[in-house]
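Colleague: Chains F and W, in that order, are what the protein sequence lines are. Here this note's numbering is used: position 370 in the first sequence is 418, and no number is missing along the way. Here this note's numbering is used: position 31 in the second sequence is 79, and no number is missing along the way.
In case anyone wonders, no lab produced these hints; they're calculated from the structure. Since we're looking at a predicted model, the values are computed, not measured. Hints may contain errors.
Put simply, identical chains are the same to the list, so a pair is met inside one copy or across any two.
Result set (DSS-like, lysine-lysine): computed pairs, CA atoms no more than 25 Å apart in a straight line [said to hold, decoys possible]:
| # | residue 1 | residue 2 |
| --- | --- | --- |
| 1 | Lys413 | Lys344 |
| 2 | Lys370 | Lys253 |
| 3 | Lys432 | Lys200 |
| 4 | Lys321 | Lys416 |
| 5 | Lys416 | Lys344 |
If you want the building blocks of each chain, they are given just below.
Protein chains: 2
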Amino acid sequence: MIQRPRGTRDFGPEEMEVRRHFEDMMRQEAVLHGFREIATPIFEHTELFTLKSGPGVVEEIYAFQDKGGREICLRPELTASVVRFFVSDLATLPRPLKMFYFGQCFRYERPQAGRYREFFQFGAEIIGNATPETDAEAIGLAAAILERTGLKDYRIRVGHIGILREMLANAGVAGDKALPILQKLDKKIYPEAEELMAQAGVGPKAAQDIISTTQVTGPISVLDSRQGPASDYIRQVCDILLAMGFGNVSVDLGVVRGLAYYTGMVFEVDAPKLGAEKQICGGGSYSLSELFGGEKVFSTGFAIGFDRTLLALQTEGVQCGKVGITAFVVPVGDSVRTKAFEIVSELRRSGLSADVDLMRRGVGKSLKYAATVPSKFAVIVGEKELESSSVTLRDMNSGEQTLVKMEDLVKELKR
Amino acid sequence: MIQRPRGTRDFGPEEMEVRRHFEDMMRQEAVLHGFREIATPIFEHTELFTLKSGPGVVEEIYAFQDKGGREICLRPELTASVVRFFVSDLATLPRPLKMFYFGQCFRYERPQAGRYREFFQFGAEIIGNATPETDAEAIGLAAAILERTGLKDYRIRVGHIGILREMLANAGVAGDKALPILQKLDKKIYPEAEELMAQAGVGPKAAQDIISTTQVTGPISVLDSRQGPASDYIRQVCDILLAMGFGNVSVDLGVVRGLAYYTGMVFEVDAPKLGAEKQICGGGSYSLSELFGGEKVFSTGFAIGFDRTLLALQTEGVQCGKVGITAFVVPVGDSVRTKAFEIVSELRRSGLSADVDLMRRGVGKSLKYAATVPSKFAVIVGEKELESSSVTLRDMNSGEQTLVKMEDLVKELKR
Numbered sequence: 049m050i051q052r053p054r055g056t057r058d059f060g061p062e063e064m065e066v067r068r069h070f071e072d073m074m075r076q077e078a079v080l081h082g083f084r085e086i087a088t089p090i091f092e093h094t095e096l097f098t099l100k101s102g103p104g105v106v107e108e109i110y111a112f113q114d115k116g117g118r119e120i121c122l123r124p125e126l127t128a129s130v131v132r133f134f135v136s137d138l139a140t141l142p143r144p145l146k147m148f149y150f151g152q153c154f155r156y157e158r159p160q161a162g163r164y165r166e167f168f169q170f171g172a173e174i175i176g177n178a179t180p181e182t183d184a185e186a187i188g189l190a191a192a193i194l195e196r197t198g199l200k201d202y203r204i205r206v207g208h209i210g211i212l213r214e215m216l217a218n219a220g221v222a223g224d225k226a227l228p229i230l231q232k233l234d235k236k237i238y239p240e241a242e243e244l245m246a247q248a249g250v251g252p253k254a255a256q257d258i259i260s261t262t263q264v265t266g267p268i269s270v271l272d273s274r275q276g277p278a279s280d281y282i283r284q285v286c287d288i289l290l291a292m293g294f295g296n297v298s299v300d301l302g303v304v305r306g307l308a309y310y311t312g313m314v315f316e317v318d319a320p321k322l323g324a325e326k327q328i329c330g331g332g333s334y335s336l337s338e339l340f341g342g343e344k345v346f347s348t349g350f351a352i353g354f355d356r357t358l359l360a361l362q363t364e365g366v367q368c369g370k371v372g373i374t375a376f377v378v379p380v381g382d383s384v385r386t387k388a389f390e391i392v393s394e395l396r397r398s399g400l401s402a403d404v405d406l407m408r409r410g411v412g413k414s415l416k417y418a419a420t421v422p423s424k425f426a427v428i429v430g431e432k433e434l435e436s437s438s439v440t441l442r443d444m445n446s447g448e449q450t451l452v453k454m455e456d457l458v459k460e461l462k463r
Numbered sequence: 049m050i051q052r053p054r055g056t057r058d059f060g061p062e063e064m065e066v067r068r069h070f071e072d073m074m075r076q077e078a079v080l081h082g083f084r085e086i087a088t089p090i091f092e093h094t095e096l097f098t099l100k101s102g103p104g105v106v107e108e109i110y111a112f113q114d115k116g117g118r119e120i121c122l123r124p125e126l127t128a129s130v131v132r133f134f135v136s137d138l139a140t141l142p143r144p145l146k147m148f149y150f151g152q153c154f155r156y157e158r159p160q161a162g163r164y165r166e167f168f169q170f171g172a173e174i175i176g177n178a179t180p181e182t183d184a185e186a187i188g189l190a191a192a193i194l195e196r197t198g199l200k201d202y203r204i205r206v207g208h209i210g211i212l213r214e215m216l217a218n219a220g221v222a223g224d225k226a227l228p229i230l231q232k233l234d235k236k237i238y239p240e241a242e243e244l245m246a247q248a249g250v251g252p253k254a255a256q257d258i259i260s261t262t263q264v265t266g267p268i269s270v271l272d273s274r275q276g277p278a279s280d281y282i283r284q285v286c287d288i289l290l291a292m293g294f295g296n297v298s299v300d301l302g303v304v305r306g307l308a309y310y311t312g313m314v315f316e317v318d319a320p321k322l323g324a325e326k327q328i329c330g331g332g333s334y335s336l337s338e339l340f341g342g343e344k345v346f347s348t349g350f351a352i353g354f355d356r357t358l359l360a361l362q363t364e365g366v367q368c369g370k371v372g373i374t375a376f377v378v379p380v381g382d383s384v385r386t387k388a389f390e391i392v393s394e395l396r397r398s399g400l401s402a403d404v405d406l407m408r409r410g411v412g413k414s415l416k417y418a419a420t421v422p423s424k425f426a427v428i429v430g431e432k433e434l435e436s437s438s439v440t441l442r443d444m445n446s447g448e449q450t451l452v453k454m455e456d457l458v459k460e461l462k463r
């Protein structure tokens with residue numbers, strides 16, 4: 049037996065119904081917010097991701113050479129692709145560009161609960177400006193999507209990369225040199241962060257200040273004692289989110305998202321019920337296009353981990369009903385098989401989901417199969433009933449059977 | 049500037065609206081027919097495809113080694129994956145299993161008009177039986193999908209691989225030995241087919257008979273003079289299709305689909321307006337699961353080339369309207385920016401697609417941007433009007449402006 053590749057999944061009919069249900073929901077919500085869908089290729093030149101995330105990223109992705117010797121890889125995320133697309137084709141469109149995407153991403157790592165080698169991301173990017181409005185609009189879409197799915201227990205934490213960057217710069221660590229420290233702070237590995245800061249010449253008092261700043265979390269009032277543009281900025285973002293109806297936002301200056309291209313506001317969303325792997329969304333404002341040969345443009349974006357969000361919904365018991373079909377057409381004997389296809393086609397043309405026996409089974413077996421689909425009704429087509437242009441309509445729940453004129457069948461099924 | 053990989057495409061907002069429109073349409077039609085969606089990974093063990101199509105297929109696909117030394121590849125098609133999934137997980141489900149899928153496939157070949165290295169397929173498989181009903185149901189779904197897209201000029205050609213197989217067997221060429229000949233006949237390279245037949249010991253008369261059989265095309269009546277189970281079978285399939293309302297089916301015994309696993313009925317759909325690359329759909333009945341370690345099960349399936357179908361629709365001028373949004377909210381000055389977000393959120397919660405200025409533009413520039421989206425209405429939020437709980441509603445087409453009470457705004461926009 050040939051296995052599917054390690055870390056990948058197949059999705060059967062029931063699981064796929066759930067997935068499409070929530071995928072469509074996210075898409076609809078994004079469209080309501082004036083975002084428009086785009087799509088980019090499954091594989092990219094590896095350079096796209098090494099430019100964005102550094103050469104180390106190659107270790108974590110599916111990178112290979114194609115037959116023409118090109119270094120290509122399966123995309124590990126979609127922001128880089130969206131920005132590449134923006135630089136090459138979309139830079140002349142009116143701004144802001146509000147775009148969203150949904151698709152597979154890939155990473156080569158040890159598969160574990162909730163982490164797959166092929167996983168699905170829903171994401172959005174607003175390209176064109178750096179205003180609190182833009183940032184609030186991005187966070188607001190993420191929140192509206194989660195609200196719409198029915199997820200109850202989720203927490204939005206907003207921070208600002210500028211606060212720590214400024215403190216580090218004041219202590220003499222500016223630009224790229226701050227990055228390794230920020231990465232340790234992001235992962236809350238404080239002893240290593242302290243060591244790196246000491247090596248970079250940050251005094252113990254300043255280092256302690258920086259670490260305690262990453263521990264500032266709570267309602268917006270935790271910023272009351274803080275001055276400066278970054279704190280003001282977060283306050284503005286939270287005010288707009290409140291006006292949008294999202295009061296469940298807290299401040300967390302420990303949200304660092306240790307990547308060089310973030311420029312200001314950063315945010316994460318947790319579903320606490322998921323335990324250690326609780327983060328279901330992350331994003332922030334960034335500037336990437338100049339790295340790919342375009343002009344510098346501020347942007348804000350986020351990605352929702354689709355698989356983990358589904359896991360969170362499952363944990364909360366959020367369900368979506370099994371779809372099934374309206375009618376299953378059962379011919380009684382070979383003489384009426386062709387007639388059964390005429391009937392099933394008429395039902396489908398009327399917009400009713402309908403199926404028909406393909407296995408040449410008897411009536412009993414066909415009804416049994418129809419119940420597994422499940423089908424709400426069975427339409428039993430017998431030679432004798434056809435003489436009076438009628439069929440037998442069976443309610444698959446109650447088992448009740450009635451004789452129905454062919455001309456009334458669609459009407460009866462649509463009731 | 050970093051380029052997208054050769055042979056791949058990015059899809060911008062307008063193109064993506066068209067693609068989703070037709071993708072959803074195909075999905076809905078399949079659901080109406082009682083098919084259910086499944087999904088499988090983007091990459092598979094390469095063995096899956098060499099087992100199905102022979103070792104030569106490696107030359108045409110994106111095959112590579114992952115970091116664990118596994119031979120994997122980007123899927124070149126989806127039937128093999130579906131059957132693998134069936135064998136490992138779905139074999140115990142009630143039959144027939146009616147499944148469909150939509151997704152990217154990949155092949156490494158020279159890109160040309162209408163042929164991409166990353167392309168999209170919609171496909172369906174019915175697993176569980178080999179009856180004319182099953183085959184008609186599969187062809188019927190393909191036809192119903194194309195009909196629903198609005199495509200006018202398409203031709204369904206139905207053949208039966210058994211007819212040529214039987215003739216070759218009678219001439220002493222049975223089983224796998226017939227395959228190279230069938231492949232030449234499929235591509236209508238008659239001199240080479242004749243040469244192979246001569247080498248295999250087929251006499252010139254029999255060879256001529258076989259070649260002229262592949263040229264039998266036309267309405268179902270072209271089979272009137274032919275006896276035998278395969279001809280009877282095609283007649284039954286066409287009868288059922290006629291009952292389903294698909295009379296535009298012709299017989300073409302030259303449809304061979306030169307692959308070993310086809311067992312009986314084979315069919316293709318052309319969009320003649322596309323010229324040389326006119327085939328938009330192909331399929332037939334097959335038996336593959338035993339090759340992947342499962343029991344032998346007869347199946348019928350097809351795949352529609354999504355990209356080429358869109359090209360055919362475009363050639364016929366079939367359109368889908370630009371979507372746009374209902375309302376764009378324009379704050380007049382900074383003091384009402386937050387209020388504008390409150391309003392846009394209320395509209396979105398009422399199910400109206402709405403957007404808001406994120407760029408801190410003046411009213412004139414915002415209206416200009418709103419026109420490009422396009423938005424049907426602008427909701428202009430001014431301090432003075434807010435005093436009487438009102439906003440100005442501007443019809444973006446006529447330019448007409450009216451003062452509307454906040455409480456009536458949703459109602460007005462939904463008119």
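Colleague: Which hint numbers does the structure go against, in order from smallest to largest?
Modeller: 2, 3, 4
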